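Number of protein chains: 2
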Amino acid sequence: MAFKFQINDDVDWKIDENLLQKAKDNMPEIYHETVIPERIVEIVEDTDKLGGVSVKESSSKIYSLSDTTYNRGTEVIFDLGDHYVGRFSIDIDSVGSPMDAPLTLKITFAEVPSELTSDSAKYDGWLSSSWIQEELVHIDELPIRLNLPRRYAARFIRVSVLDTSPKWRAKFTNPVFNAESSVKMNDVTLKETGNVQIDNINVIATKTLLDCMQEIFEDEPKRDRRLWLGDLRLQALANYETFNNTTLVKRSLYLFGGMTAKDGRIPANVFTKPNLLPDDTFLFDYSVFFGVVLSDYFDRTSDWETLTDLYDVAKKQMDYAFKFVDENGCLSLPEEYPAFIDWSNDFDKTTAAQGTLIFSLKKFIQLSVVLHDQDYQYYEDMLKKLSDYAIYTLYDSEKVAFISGEDGEINIASQVWMIIAEIMDQATNQKIIQEMIDTQFPVSGIATPYMYHHIVEAMFIAGISEEAIKLMQEYWGKMVDLGADTFWEAFEPENPDYSPYGDPIVSSFCHAWSCTPVYLTSKYI
Amino acid sequence: MAFKFQINDDVDWKIDENLLQKAKDNMPEIYHETVIPERIVEIVEDTDKLGGVSVKESSSKIYSLSDTTYNRGTEVIFDLGDHYVGRFSIDIDSVGSPMDAPLTLKITFAEVPSELTSDSAKYDGWLSSSWIQEELVHIDELPIRLNLPRRYAARFIRVSVLDTSPKWRAKFTNPVFNAESSVKMNDVTLKETGNVQIDNINVIATKTLLDCMQEIFEDEPKRDRRLWLGDLRLQALANYETFNNTTLVKRSLYLFGGMTAKDGRIPANVFTKPNLLPDDTFLFDYSVFFGVVLSDYFDRTSDWETLTDLYDVAKKQMDYAFKFVDENGCLSLPEEYPAFIDWSNDFDKTTAAQGTLIFSLKKFIQLSVVLHDQDYQYYEDMLKKLSDYAIYTLYDSEKVAFISGEDGEINIASQVWMIIAEIMDQATNQKIIQEMIDTQFPVSGIATPYMYHHIVEAMFIAGISEEAIKLMQEYWGKMVDLGADTFWEAFEPENPDYSPYGDPIVSSFCHAWSCTPVYLTSKYI
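Going down the list, the sequences are from chains G and F.
Those letters in the first sequence? Residues 1219 to 1743, by our numbering.
Those letters in the second sequence? Residues 1219 to 1743, by our numbering.
Just chain G, with the same shape it has in the complex (with noise of 0.2 angstroms):
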């Protein structure tokens, strides 16, 4: 992993408190849904699944909890039947003699049966340790209702009783998971394609939508919850075609507008608990997708206030963006403004950069246009330059590809994000396409579905779609096939295993960036 922390304690922020307003006074009701455990469950190797590993049901039923007791050493493993996000809570009481010592609990909570095969004690990662769902808890005096009070992300639920002492055993009755979502899975009525597998990929992308939408538009709700640009984008669009919740999509777009650097940079997330704080993390594509985000809600909702109030915002990231452009066209980003892309950092980012900044720059120059903005062709001249740059420096009519980086690297993230930036006519890209499908298929070292996304959209765009819906079957249904009740953060087909921190303990396994089947299927099929 190349990763590395961001930390910038210089920047002058502009906290605007009007924006701000408006993004408070459209925050959404949270709903809750009381789900009771289907059954109790055991873990079981199964090489077929992620991690090695799935579950079995117990010969302790459910039905019957309260017929088994627990003492040192014992654990009860609760499944959900499905991923949810909320907070656990069961009744426990204690068996036999008076209770002569506290009652210790290790509660673990996991997305994936693999997570409950982990020792939290060997963790290793480089991400912090505290994301571990697990709750150490001594209770002194029995019976009580237990009442976790913090959130988690979880199907399964492992109760592993570390004491009592030798005199009595636990008991536990009544578990209940209360699971929350700013949207209800009744209110969608997906549309059914015909094809039996991308209707079950949809359902999965549907509700890993569902458990990112909460007071914001998580980017996960096991870790970090906060709202990322990158991922807003797509759970906007996933969110047109399924909950269309605009008034989240407009919220969020207020927070990122309320708190900007003062230098007109968009953080690449931004914080809403315990307060409203912007990360001092940038990320370039996600700065300038900010004016994307805005332009893909206008279009749905030609609500002319939002525009008017966050036009600006996203002029000043575009304007900061063309700093790194130099007289030719060409986007050279220093080393503290990183673009994203994906995880991996084994390809050079460069042209995909330079797509994503055309990509972008177009979707403003819509804005601006609606809004009459004197600047506009400043804007049109700025596209012209960066495009040509593309076409006539970086596009290698030869080798029919981008070419990326010092050394020409030709890699998949430069031609999609071309592709979807559309500089080419419609047969060079096809061209493109298949040279790509042709030399560098089956895909490797790509980490995220956030990069797969953009892998498919590129092929439907450029009308490869038979190759688009296959990938998008191979790679979002073998995910499928591998257990996932909802979709992974990271997930390397060639590398199942592969976790972005070094540990799949901390790995999220319901990711905002993994839900835009549901988008790709109802636009482009």
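Among the hints, erroneous ones may be present.
Below 30 angstroms or equal to it, Euclidean Cα-Cα: the simulated DSBU-like pairs (lysine-lysine) are [said to hold, decoys possible]:
id : chain 1 : residue 1 : chain 2 : residue 2
1  : G       : K1402     : G       : K1274
2  : F       : K1696     : G       : K1389
3  : G       : K1603     : G       : K1533
4  : G       : K1232     : F       : K1324
5  : F       : K1340     : F       : K1696
6  : G       : K1324     : G       : K1541
7  : G       : K1340     : G       : K1402
8  : G       : K1242     : G       : K1274
9  : F       : K1617     : G       : K1324
10 : F       : K1491     : G       : K1491
11 : G       : K1324     : F       : K1242
12 : F       : K1580     : F       : K1617
13 : F       : K1580     : G       : K1491
14 : F       : K1533     : F       : K1580
15 : F       : K1741     : F       : K1688
16 : F       : K1324     : G       : K1324
17 : F       : K1324     : G       : K1340
18 : F       : K1480     : G       : K1389
19 : F       : K1242     : F       : K1491
20 : G       : K1232     : G       : K1649
21 : F       : K1491     : G       : K1324
22 : F       : K1688     : G       : K1389
23 : G       : K1480     : F       : K1242
24 : F       : K1340     : F       : K1267
25 : F       : K1480     : G       : K1340
26 : F       : K1741     : G       : K1340
27 : G       : K1534     : G       : K1617
28 : F       : K1267     : F       : K1533
29 : G       : K1580     : G       : K1741
30 : G       : K1389     : F       : K1232
31 : G       : K1581     : G       : K1649
32 : F       : K1242     : F       : K1232
33 : G       : K1580     : G       : K1541
34 : G       : K1389     : F       : K1324
Since the hints were derived computationally from the structure, they do not count as laboratory data.
Owing to the predicted nature of the structure, the values given are computational and were not obtained by experimental measurement.
With chain G's structure known, arrange chain F on it following the hints.
Leaving out everything else, chain F in the frame of chain G:
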């Protein structure tokens, strides 16, 4: 350890709500004292102290606590300056970039420095590991004031940061320990004895008692916090010489009186939280001490109401005890109703148990005289039978010692309890004690201040006062030398790291039954 948990699930209980109501009516007020840590310390090797470790003041100063920030793998140890019982709270904030991961803390409470060197994960004792005073806390949002809800017994509080993230560090301010007791040190004026070491022991003994005096006389504030009859007897004696809170003794007597077995047995201890509940553990000597505590209480208070309410409880227990006395006056206890005497099970307890019964019966007979019980003569007859058996069968005049068990074992406990039972004339008592000193001192294989108390008291009763004072100074003084702020549950001078539980991390270092020097001093010096 030959300790065997008793599980008696077939006891028919007689719950007397009238008596229990009187226990509730005498609930004490709890006083609170705000304790600010005196300093930050580090653990250092120190072969002169318990467990081979001690503390020294850290270069980090408590007055500049906020100048230091903490990330993964760092810790701070607060020293309260003395042993207290209560609850901990602290302000926590993050310093640096926005808080992009939860804060995970391990917070350990220790009565003595050596507890901080134990690895709780490797605990291998037979007592529940749930007693280890260690919390794992995840905090999602900072700043907060962390108020840990549980009560701890501690002088040292270690806050270990298990993880933050690389982007920020934790900052701690305003650590406060809110100490609790039903009595106040200011209410006591300890007599000066002219012996500085004894005076110092008495201060520590009084603090030990204070920390155990909560809503009941707890046997120890770190662990089970129950009201044990054997501990109560000694606590009450020390209490009369110090805080003289006779209401708490009354409450304790009613608690036992209200929860007895239908057959008359009084349990070794009762629970008071969350509800009043008798434990299913029965210890013969503890049971018969009920009448002793009542007698001692009546001597001090002349409280006729309590005496008349509870006399029958004492009587029924005494009658039950006689089931195990044969026609010769020999007490033989069944395995399920053992006498405790001491934690050690490496000596025969038969004769010592007979001593506890004679001692208790004498106290009971005093009450029967006061109340003009018409069965008085029966108890006198039983006393004579038990005493005669001890004098004519158990006492070996050639060896100048009481023998115990089938093999005629001579041990300290037998001599001590027969002296306390006062069945021989004073000249014989002195000879017995002198022989015991000559042949069995230095004491070995006795693990509790509880048994040492009885050795010292027996020596005082026999008039061997100089040697009694010397033993008290050697035993309690050695705990002081090893670093005691309060006196311990278990201490074998010849084996200072001995724990009755197989691991000192769950040992109790503030234990009611070790508070008696202040009583012994007051009564005998």
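Hint by hint, here is what the structure shows:
A distance of roughly 29 angstroms separates the Cα atoms of G/K1402 and G/K1274; the hinted pair therefore holds under the 30 angstroms criterion. Between F/K1696 and G/K1389, the direct Cα distance comes to roughly 45 angstroms. Violation of the 30 angstroms bound is thereby established for this hinted pair. Of the pairs offered as hints, the one joining G/K1603 and G/K1533 holds, with about 18 angstroms between alpha carbons and a cut-off of 30 angstroms not exceeded. With a C-alpha separation of about 38 angstroms, the suggested pair G/K1232 and F/K1324 falls outside the 30 angstroms cut-off, and the hint is violated.
A distance of roughly 29 angstroms separates the Cα atoms of F/K1340 and F/K1696; the hinted pair therefore holds under the 30 angstroms criterion. At roughly 52 angstroms between alpha-carbon atoms, G/K1324 and G/K1541 are farther apart than 30 angstroms, so this suggested pair is violated. With a CA separation close to 38 angstroms, the supplied pair G/K1340 and G/K1402 exceeds the 30 angstroms bound. Pair hint G/K1242 plus G/K1274 does not hold up; C-alpha atoms about 45 angstroms apart against a cutoff of 30 angstroms.
About 58 angstroms separates the Cα atoms of F/K1617 and G/K1324, which puts this hinted pair outside 30 angstroms; it is violated. Distance restraint check for F/K1491 and G/K1491: the Cα-Cα separation of roughly 37 angstroms exceeds the 30 angstroms cut-off, and the hinted pair is therefore not satisfied. Between G/K1324 and F/K1242, the direct Cα distance comes to roughly 36 angstroms. Violation of the 30 angstroms bound is thereby established for this hinted pair. Taking the CA atoms of F/K1580 and F/K1617, the gap is near 27 angstroms; set against the 30 angstroms cutoff, the hint holds.
Between F/K1580 and G/K1491 the CA atoms are separated by roughly 70 angstroms; this puts the pair beyond 30 angstroms, and the hint is violated. With a C-alpha separation of about 12 angstroms, the suggested pairing of F/K1533 with F/K1580 holds against the 30 angstroms cut-off. Restraint check for F/K1741 and F/K1688: satisfied, since their Cα atoms lie roughly 16 angstroms apart, inside the 30 angstroms limit. A distance of roughly 14 angstroms separates the Cα atoms of F/K1324 and G/K1324; the hinted pair therefore holds under the 30 angstroms criterion.
Taking the CA atoms of F/K1324 and G/K1340, the gap is near 16 angstroms; set against the 30 angstroms cutoff, the hint holds. Note on F/K1480 and G/K1389: the hinted pairing holds, with a Cα-Cα distance of about 29 angstroms set against a maximum of 30 angstroms. This hinted pair checks out: F/K1242 and F/K1491 have alpha carbons roughly 12 angstroms apart, not beyond 30 angstroms. Distance restraint check for G/K1232 and G/K1649: the Cα-Cα separation of roughly 46 angstroms exceeds the 30 angstroms cut-off, and the hinted pair is therefore not satisfied.
The straight-line distance between the Cα atoms of F/K1491 and G/K1324 is roughly 23 angstroms, inside the 30 angstroms bound, and the hint therefore holds. The straight-line distance between the Cα atoms of F/K1688 and G/K1389 is roughly 52 angstroms, outside the 30 angstroms bound, and the hint therefore fails. At most 30 angstroms may separate the alpha-carbon atoms for a hinted pair to count; G/K1480 and F/K1242 exceed this at roughly 66 angstroms. For a cut-off of 30 angstroms, the pair hint linking F/K1340 to F/K1267 stands: about 23 angstroms separates their Cα positions.
Annotation: proposed proximity of F/K1480 to G/K1340 is violated, straight-line Cα distance about 54 angstroms (limit 30 angstroms). Taken as a hint, the F/K1741 and G/K1340 pair is broken in the structure, with Cα atoms around 58 angstroms apart against an allowance of 30 angstroms. About 37 angstroms separates the Cα atoms of G/K1534 and G/K1617, which puts this hinted pair outside 30 angstroms; it is violated. Proximity of F/K1267 to F/K1533 is assessed by CA-CA distance (about 47 angstroms); at most 30 angstroms being required, the pair is judged violated.
Restraint check for G/K1580 and G/K1741: satisfied, since their Cα atoms lie roughly 19 angstroms apart, inside the 30 angstroms limit. Our distance criterion of 30 angstroms between C-alpha atoms is met by G/K1389 and F/K1232, whose separation comes to about 26 angstroms. Of the pairs offered as hints, the one joining G/K1581 and G/K1649 holds, with about 25 angstroms between alpha carbons and a cut-off of 30 angstroms not exceeded. Between F/K1242 and F/K1232, the direct Cα distance comes to roughly 17 angstroms. Compliance with the 30 angstroms bound is thereby established for this hinted pair.
Simply put, G/K1580 and G/K1541 have alpha-carbon atoms about 18 angstroms apart, close enough for the 30 angstroms limit, and the pair holds. About 27 angstroms separates the Cα atoms of G/K1389 and F/K1324, which keeps this hinted pair within 30 angstroms; it holds.
Hints 2, 4, 6, 7, 8, 9, 10, 11, 13, 20, 22, 23, 25, 26, 27, 28 from the list above are not met by this structure, while the remaining hints are.
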